[in-house]
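J.: First to last, the sequence lines map onto chains F and W. If you read the first sequence in our numbering, its first letter stands for residue 1, the second for the next number, and so on. If you read the second sequence in our numbering, its first letter stands for residue 1, the second for the next number, and so on.
The set of hints was computed from the structure by calculation and includes no laboratory data. Just so it is clear, CB atoms sit at the ideal spot from N, CA and C, and this is done for glycine as well. It is possible that some hints are incorrect.
[As the list claims (entries may be wrong)] Facing chain W, according to a computed beta carbon distance under 10 Å, are these residues of chain F, among others:
no., residue
1, 29
2, 34
3, 60
4, 71
5, 110
6, 113
7, 134
[What the hints assert, rightly or not] Stretches of chain W that chain F covers, calculated by requiring three or more beta carbons in the stretch to come under 8 Å of a beta carbon on chain F:
no., region
8, 27-39
9, 278-288
These are the residues of each chain, in order.
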Amino acid sequence: MLVIKHLHNRLIQLETWLAAGSLFLLLALALLQILARNFFDAGIAEADTLTRYLVLYVTFFGAAVAVQRDRHIKIDVCCTLLSPALLRKLYRPTQLLAALVCAFLADAAIRYWRDEWLYAPDHERWLVLVGLVIPVGFVLLTIQFSLAALLGREETCCTL
Amino acid sequence: MLYLVIVLVLLALFGLPLFAVLGAGSLLFAQNSDLDSALLIVELNRLATSPNLTAIPLFTFAGVALAAGGAPQRLIRLFNALLGWLPGGLAIVAIATCAFFTSFSGASGVTILALGGLLYPVLRKVHYPERFALGLLTTSGSLGLLFAPSLAILLYGIVAGVNIDEMFLAGIVPGAVLMIMLGIYAGFTGARFGVHHHTFTWHVALRAMRSAYADILLPVLIIVGIFGGFVTISEAAACTALYVLVLEGFIHRSISLKNRLVPLLADTAVLVGSILIILGVAIGLTNLMIDAQLPMKLLAWMEDSIDSQLKFLILLNIFLLAVGAMMDIFSATVVIVPLILPLAQRFGVDPVHLGIIFLANLEIGYSTPPVGINLFIASQRFEKPILGLFRAALPFLGIMLVWLVIVTYLPFMSLWWQ
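Using the sequences and the accompanying hints, generate a full structural model.
T.: Written out as structure tokens, the structure reads:
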């Protein structure tokens, strides 16, 4: 279990850096594009497309970190109706179920991505590569929810 | 299928993350319709073509950095110097500060956490009744939702396919009217309880202005930038993020960029990730529902029982108040807006006006049991029971309901710019 906890911490560190790095890159690219357009009357090729994909990077890596911080949005009726002890008991099954849903979505994303890769014309292959974040993101979410189910949590979902 | 929907709703009530509930719903819907689940990912990928999408993480980052950099304290000082001399001045200060701050922080509860702790002891010190102070701060956590560059407005614009510039314009008058209504109530309460208010002094006002002028300039620059045609929404968001970084990192030096930049970026990513993952998954489900003609069936059913715009608006308000009491604003926007949009258009409600009605209802829902997020956060912040806070918030909710009626049935308040 100690090894799993250690690997989990490393994974969280990596995802945190990737999330922060993607957001920083998004900001930098958006600012460079403004500068290039207004002061040099030019634009960075495909910068708009890249910035929009970077939002997906921020989303998926941020969502993966949100699992560990228990920050995913929930309909928190349970917080008012159930006792903290029961909420703690419900934590592992709900995380496992979320992992299952993410696994199915990951499967759909991998199949979608493979088809895109097969049928994309050569000049659009880079865009398909950039879009790899969707299957990778769902795989990361599956791993994070599985680990959350395995490791459990002390606080309830209502703890801020 | 109905059983599965009931199971999913139950799972949602027991705390399964909402995006997983919607994802499971989408997968089941696809399987039931003999469709490949990869279609859901096609829609998610299409999210990357939305031109205003980049504005969401960048404005959110600006809000997170402002909160961490001490903007709440500077704003309280400024509004207190400018408005604190009025009857009920300090309560008006709280309303103005919360509204300003929420428009940047995205009403994610940060306002109550960041400002509540500062304002509550000050309000009590000048002898505002405890119940009034708690009610004010609880409901103020969602004030400012209708002001640029609120995250809720951005999300509604993206989901409904409405021009975000127009949404920003539409929110100004209804947002200001609510602040005035609450301000008048605060003034009366202040006078009734003989609350002390200070006299205006120029040197205090100037000193506060010198410390907070850059914060107060921010929304002005955004509005001028966008409506002056200098920048697009996404560019305005990038400039705002840079402005806040320079302001907090180099001018006020309240954030050490070396130590705090990565945690702030990560905090933003977590907030954005938890919201946009819902949008990504729900887009697929929404399109499946549209393919299955669900909104059309709903429309046909409504046309049988509703024959006027007035009846539709009354029902819409009741429905949205119930939604607001059950769901948070971001999930509700993604799930509910695609369903009500065609209905509203059929009954002649402008999509921009619908957006304001929608957000106004959800703003009230923030402080309504069972899941009003403001109640939970205020309960933790002030260590008071949720029911007590709800009771304290009731007079404010009453005023907000009157405001909701005005905003709903006087569309020119939202559409004055047309």
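J.: Are the hints correct? Go through all of them and say.
T.: Results for each hint:
The criterion of a C-beta within 10 Å of any C-beta in chain W is met by residue 29 of chain F, whose closest approach is roughly 9 Å, and the hint holds. The interface hint given for residue 34 of chain F is met, as the beta carbon of that residue sits about 5 Å from the closest beta carbon of chain W, less than 10 Å. With a cut of 10 Å, the hint placing residue 60 of chain F at the interface with chain W holds, because the nearest CB-to-CB distance is about 7 Å. Because the closest C-beta pair between residue 71 of chain F and chain W is about 5 Å apart, less than 10 Å, the hint holds.
Against a cut-off of 10 Å between C-beta atoms, the interface hint on residue 110 of chain F holds, since the closest Cβ of chain W lies about 9 Å away. For residue 113 of chain F, the shortest C-beta to C-beta distance to chain W is roughly 8 Å, which falls under 10 Å, so the interface hint holds. Interface hint status for residue 134 of chain F: upheld, as the beta-carbon distance to the closest one in chain W is roughly 6 Å, under 10 Å. Given as covered by chain F, the region 27-39 of chain W passes the check, having 4 residues with a CB less than 8 Å from a CB of that chain where 3 are the minimum.
Beta-carbon proximity to chain F at under 8 Å applies to 3 residues in the region 278-288 of chain W; the threshold of 3 is reached and the given coverage holds.
Hint violations for this structure: none, all hints satisfied.
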